[in-house]
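Novice: First to last, the protein sequences are chains A and B. With the working numbering as the guide, the letters of the first sequence map in order to residues 295 to 812. With the working numbering as the guide, the letters of the second sequence map in order to residues 828 to 970.
Hints may be right or wrong, so weigh each one.
[Unchecked claim] Cut-off 25 Å, straight-line C-alpha distance, at most; resulting in silico cross-link-like pairs (PhoX-like, lysine-lysine):
| id | chain 1 | residue 1 | chain 2 | residue 2 |
| --- | --- | --- | --- | --- |
| 1 | B | K906 | B | K876 |
| 2 | A | K703 | A | K467 |
| 3 | A | K598 | B | K876 |
| 4 | A | K415 | A | K386 |
| 5 | A | K386 | B | K923 |
| 6 | B | K876 | A | K386 |
| 7 | A | K468 | A | K703 |
| 8 | A | K620 | A | K467 |
| 9 | B | K845 | A | K657 |
| 10 | A | K621 | A | K468 |
| 11 | A | K657 | B | K876 |
| 12 | A | K468 | A | K657 |
| 13 | A | K598 | A | K703 |
| 14 | A | K481 | B | K950 |
| 15 | B | K845 | A | K656 |
| 16 | A | K680 | A | K547 |
| 17 | B | K923 | A | K680 |
| 18 | A | K656 | B | K923 |
| 19 | B | K906 | B | K923 |
| 20 | A | K361 | B | K923 |
Simulated from the structure, these hints should not be mistaken for laboratory data.
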Amino acid sequence: MTEPSLNTVPPLPVLRVQQPADIPDRGLKLEADAVVIGSGAGGAVAAYELSRSGAKVIVVEAGPYVKSEQFTERLIESFETMYEEGGNQISKSADLLVLQGACVGGSTVVNAAVCFRAPDKVLESWGENHGLDNLSPEAMTPYFERVEKNLHIHPNGPHEINLNGRLIAEGAKKVGIPSGPVSRNIKHCALTGHCMAGCKTDRKQSMLVTYLPWASELGATILSGTRAESFEVSNGRITQVNAIATDANGTSKPVEVKAGLVIVAAGAVQTPLLFQKNAIGNSSGLIGHHFACHPSTNMIAEHKDDIYWWRGATVTTYAGNIEDPKKGSYLLEAGVPGPMVTTVTSEGGIGREYTDFMQNSKKFLALATLIHDHNVGRVYLEDGRKRIDYDLDDRDFPSLQEAFRASAKICFAAGAERVFLPTTRRTVIESADQIDSVVNSLENGRQRYKLTSFHPQGTMRMGKDPKTSVVGPDGRMHDLDNVYVVDASLFPTTLLVNPQETVYAMASYLSDRMLARG
Amino acid sequence: MFERFAEVYIPTEGTNLKPLSEVPYLDNIDRVLAFFDAPTLDEVHTGLKLFDYGSIIIGLHFARFANLDPEDRLEYIRKWDNGGETQRLIVGLIKKLVALGYWQDVEAARRVGYQGPVSDEAKILSLGNAPMPVAVASASESP
Numbered sequence: 295m296t297e298p299s300l301n302t303v304p305p306l307p308v309l310r311v312q313q314p315a316d317i318p319d320r321g322l323k324l325e326a327d328a329v330v331i332g333s334g335a336g337g338a339v340a341a342y343e344l345s346r347s348g349a350k351v352i353v354v355e356a357g358p359y360v361k362s363e364q365f366t367e368r369l370i371e372s373f374e375t376m377y378e379e380g381g382n383q384i385s386k387s388a389d390l391l392v393l394q395g396a397c398v399g400g401s402t403v404v405n406a407a408v409c410f411r412a413p414d415k416v417l418e419s420w421g422e423n424h425g426l427d428n429l430s431p432e433a434m435t436p437y438f439e440r441v442e443k444n445l446h447i448h449p450n451g452p453h454e455i456n457l458n459g460r461l462i463a464e465g466a467k468k469v470g471i472p473s474g475p476v477s478r479n480i481k482h483c484a485l486t487g488h489c490m491a492g493c494k495t496d497r498k499q500s501m502l503v504t505y506l507p508w509a510s511e512l513g514a515t516i517l518s519g520t521r522a523e524s525f526e527v528s529n530g531r532i533t534q535v536n537a538i539a540t541d542a543n544g545t546s547k548p549v550e551v552k553a554g555l556v557i558v559a560a561g562a563v564q565t566p567l568l569f570q571k572n573a574i575g576n577s578s579g580l581i582g583h584h585f586a587c588h589p590s591t592n593m594i595a596e597h598k599d600d601i602y603w604w605r606g607a608t609v610t611t612y613a614g615n616i617e618d619p620k621k622g623s624y625l626l627e628a629g630v631p632g633p634m635v636t637t638v639t640s641e642g643g644i645g646r647e648y649t650d651f652m653q654n655s656k657k658f659l660a661l662a663t664l665i666h667d668h669n670v671g672r673v674y675l676e677d678g679r680k681r682i683d684y685d686l687d688d689r690d691f692p693s694l695q696e697a698f699r700a701s702a703k704i705c706f707a708a709g710a711e712r713v714f715l716p717t718t719r720r721t722v723i724e725s726a727d728q729i730d731s732v733v734n735s736l737e738n739g740r741q742r743y744k745l746t747s748f749h750p751q752g753t754m755r756m757g758k759d760p761k762t763s764v765v766g767p768d769g770r771m772h773d774l775d776n777v778y779v780v781d782a783s784l785f786p787t788t789l790l791v792n793p794q795e796t797v798y799a800m801a802s803y804l805s806d807r808m809l810a811r812g
Numbered sequence: 828m829f830e831r832f833a834e835v836y837i838p839t840e841g842t843n844l845k846p847l848s849e850v851p852y853l854d855n856i857d858r859v860l861a862f863f864d865a866p867t868l869d870e871v872h873t874g875l876k877l878f879d880y881g882s883i884i885i886g887l888h889f890a891r892f893a894n895l896d897p898e899d900r901l902e903y904i905r906k907w908d909n910g911g912e913t914q915r916l917i918v919g920l921i922k923k924l925v926a927l928g929y930w931q932d933v934e935a936a937r938r939v940g941y942q943g944p945v946s947d948e949a950k951i952l953s954l955g956n957a958p959m960p961v962a963v964a965s966a967s968e969s970p
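Isolated chain B (complex conformation) (with noise of 0.2 Å):
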């Protein structure tokens, strides 16, 4: 469901973005749900059947939506997209998923210009730890 989805929110052919099936989203996705409880995490999974099956009872398509054409399912999301607060925070998390399974690949992001980690490469040198206050050396150290 999420490559479905990501195909059609996130389509790199013929732009400067990194293409899609190079970057690893759905591990990606992977380690960011592997941070949400289990609670949550059943909500989560209740949230995406949902969205999945919702193309055949909200839609009214004969299919679940990872079945649907590329149109019909940038149709659906829209729908979401103007849904009720259920449909807009599924939809919302589907897509905050899937943007951050992409944007997270360093290379990605340096496809639109940021420069991603710098001071090893740079070779900027740690400060270390500040220094004690001077008003607390001389006190301690008074006899």
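Here chain A stands alone, though its shape is the one from the complex (with noise of 0.2 Å):
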């Protein structure tokens, strides 16, 4: 392909987003080639590569549109304007935080920006074990290099990372554990560390400042505030979205729109809920289930030294063995947000021991940890509530117990002087011969660990089978001819990384095969 010459270069592309104020009190009635419901890593890249080929495309999106320049870099003000439910929302049994975007543009606006390919072994066992030969490593490599060009994906260079991820790097070649610098859709980053609070200087590529807009500029329109809630059917086609814009005063106005294509992609815990709701595409049953999430956990580590580890990038560096979940099913990322969320991340103990523990917080060395845990959760609604069952499974303990070790054995040859475990008790490690008899005294259970999910997947479970899955291999609904799913909810396992550029790609895929079906 040659490069453009100067006159061809199009217009800076504007996101035009239609605000729930901006829809008349009686509504909107629409019609389009397609409807796209979320607007977050997968329903914003489908958005964008339709309207390229010239579809009319519409997104609802049931979050707020908040702009750039009202993020404040205060991670609180941001749970209570961007994240679902404020940043509350819990498992059932309250052991497990799930934070996801909810708003326009999604998790990607709140994300840390670390992108990995889904590794080849985890797309070969999909292959394997779901039917899944068409996402094999070679047929996806193509998306994984249009979205890496996209989102200029690239991994940290050394002024990128921060004295706490050259530590951390350094800790991790002294054991013997894989590490490297994280890869982020980012660019020229400014380091200000407020990735989960949104880019405020639109560095961090999300879906608010490339694929949306670009879409927009395309002509697709993009209605925020929007709620899909029903769905009208005909023949094991979705006829009609019906959803429910509530402007700021909380009055309600409907919105119909009607296309021949149907794309869901709110997110693992939403798009199952949805089709719950409406009692539809549930042949097998398996809606809402195998939910599973990289269970997290900070581990924190005090240094002799200062330093700062929240200064700069807010991830930097990775350690664990990410190629193959078989040979180690941990992956370790140096950096988390600031004080704020270490101190409920982690447990320093109350009292004196507290207020030691967080004065001393620029000494400290911060890694999150992840697992590739098995599918054992459910999403579902109960009297109309939303509901996430999910308890750490006893077979993935040993994971958790293993990305503990690491983390404290790479903590201590960086020169940490004691470890801080995630546990709801403080629990310390103060010197590397204690590791395997503090960490091999754990028991699996709840409310003994602090868990997060940043990652929920696996709702929606992809695989070539009607009966153990809910999608076929292309995306579309097995029950419904015309409904195709694009988020994390189809992964018929975990990845390991973190999961964006996955969707990322996968959305890119799925959309050339909606294209080629015609």
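Combine the two chains into a complex, taking the hints into account.
Specialist: Spelled out as structure tokens, the structure:
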């Protein structure tokens, strides 16, 4: 392909969002070639890919449109405005916090910008165990390359890796654990460390500044504050999506969208709930099952020097064997947002122990852990109330222990003087020779660990067999001829790595399948 | 109850931390609770009552938690930390709410070296929206 000459460069794209206040009280009746439910990683990519083929696309997003100039770099305020349930979405047992973005751009607006390709071994296992030979590493590579180019995904440069990240990398090398710089979808990072509160200066290449404005520029209509509620169904096809737009005064306005193609990308919690609520598409009985979430913890270690781990890129370095989950089922990432997150995700004790702990914050090494968990959870409605059932499975507990062991070894090798485990009761490892005895003494159980999920997955399982899956290999639901799912709910197993890049690539791939079908 | 809890959980006197009395942590806790749905909020209130009055039944004290002296309050919190699943859930929630209420205060976080919001002050400019991918620009402008 030849490079375009200067006079072919198009105008900079502008994101035009129709907010509830812009909608008349009588509501809207719209028609399109495709309606996309959700504007996060999957929905935004699908909206753009279809728009550039000339399709008329309408995106309905339940969350508000928050412009980056409104971001305050105060995480608590971002929780309130841009996260599902104000950042308080928890499992039924209250043992797991599930953080998801709920705004135009979805979780891509509030994540830490970490990008990995799905490991080849994981894609191969999907072929072997779920009939998804079409998602082989060879087939997916061009799609990973496409989104990496579009989103400026690249490994952190030396200037983007702070002291915390450098020490973690050195520690990992000393104890023989593979490590490297994390890749991120970011351009000219200003190193403020506020990724999870939203990138105020638009350096993170979230959907808010990339695929959504691109789709908008190509004619897509984007509605914010508009929640899809029900469907009109005829002959195994959804013919109309009924949504409600709610303005700041609480006025509800009906929005009806007739479309030949329905693409659902509301995320691994909301997508299954939408189909359960409407009691369609579920002949397998598996919608909402197979929830998994990469349960994460934050490991804190006290170093003798001042580290100021929160300065710079939010996540800098990774450690762990990410090529093959059979050889290592955890991933460690250097970096955790500031003291507020530390205090609720780690355990410094109470009273003087706690104030001493927090006064030493700047000396901490900080590592996030996540594990390749089994799909044992479920998302469902109970008396109309959203429920997430999830308990850390006994088969996965050794992975959590291994993540703790590896983190502690790395931190001590990096010069830490003590390590604080993310238990609900203060647990401190005072030296490297205590690691095994302390970690081996831990038991699985509720309310024992401070678990957070940033990566819900698996509730609309993709597979070849309609009896054991909800969505087919081409992203189309087995039971609904014109309905595609393009979010992380598709994944038949967890990835072991942060899922956003795989969602982008999958959405690109599945959009091509939709267009090929016509 | 939150006030009595915070006094012993985050005793700022004699430390470099921002004095608890200067942080509007109770208002901040109210703001966090405002995002809970009604059924969850009911469950939270039940849990808080259990904790507050549990000192009489579980702690074998003759007063609510809020009326215990500081040493007894600390001992009571430790008992719940080491208690059963429900006790750990409730005391964990209270600790989380109090910590969120305190540490969301920008000045409190700055006292431990955290910079807090910085882009406006440092005059970091927005890069704006990313240009359309070049290949698409070429295709869309083809005859």
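Novice: Are the Cα atoms of A/K656 and B/K923 separated by 25 Å or less?
Specialist: 21 Å, holds
Novice: Can the restraint linking A/K680 and A/K547 be considered satisfied, given a maximum Cα separation of 25 Å?
Specialist: 23 Å, holds
Novice: Is the straight-line distance between the alpha-carbon of A/K386 and that of B/K923 25 Å or less?
Specialist: 18 Å, holds
Novice: Does the alpha-carbon distance linking A/K361 and B/K923 stay inside the 25 Å limit?
Specialist: 29 Å, violated
Novice: Decide if the proposed pair is consistent with the structure: B/K876 and A/K386, CA atoms, cutoff 25 Å inclusive.
Specialist: 20 Å, holds
Novice: Quick one, are A/K468 and A/K657 close enough, alpha carbons at most 25 Å?
Specialist: 21 Å, holds
Novice: Hey, A/K621 versus A/K468, does the alpha-carbon distance stay inside 25 Å?
Specialist: 19 Å, holds
Novice: Take the C-alpha atoms of A/K598 and A/K703, compute the straight-line distance between them, and say whether it is at most 25 Å.
Specialist: 16 Å, holds
Novice: Is A/K415 within 25 Å of A/K386, Cα to Cα?
Specialist: 33 Å, violated
Novice: Would the pair A/K703 and A/K467 pass a check requiring their Cα atoms to be no farther apart than 25 Å?
Specialist: 11 Å, holds
Novice: Straight-line Cα separation of B/K845 and A/K656 no greater than 25 Å?
Specialist: 16 Å, holds
Novice: Holds or violated: A/K620 with A/K467, Cα cutoff 25 Å?
Specialist: 21 Å, holds
Consistency note: the structure conflicts with the earlier hints numbered 3, 4, 11 and 20.
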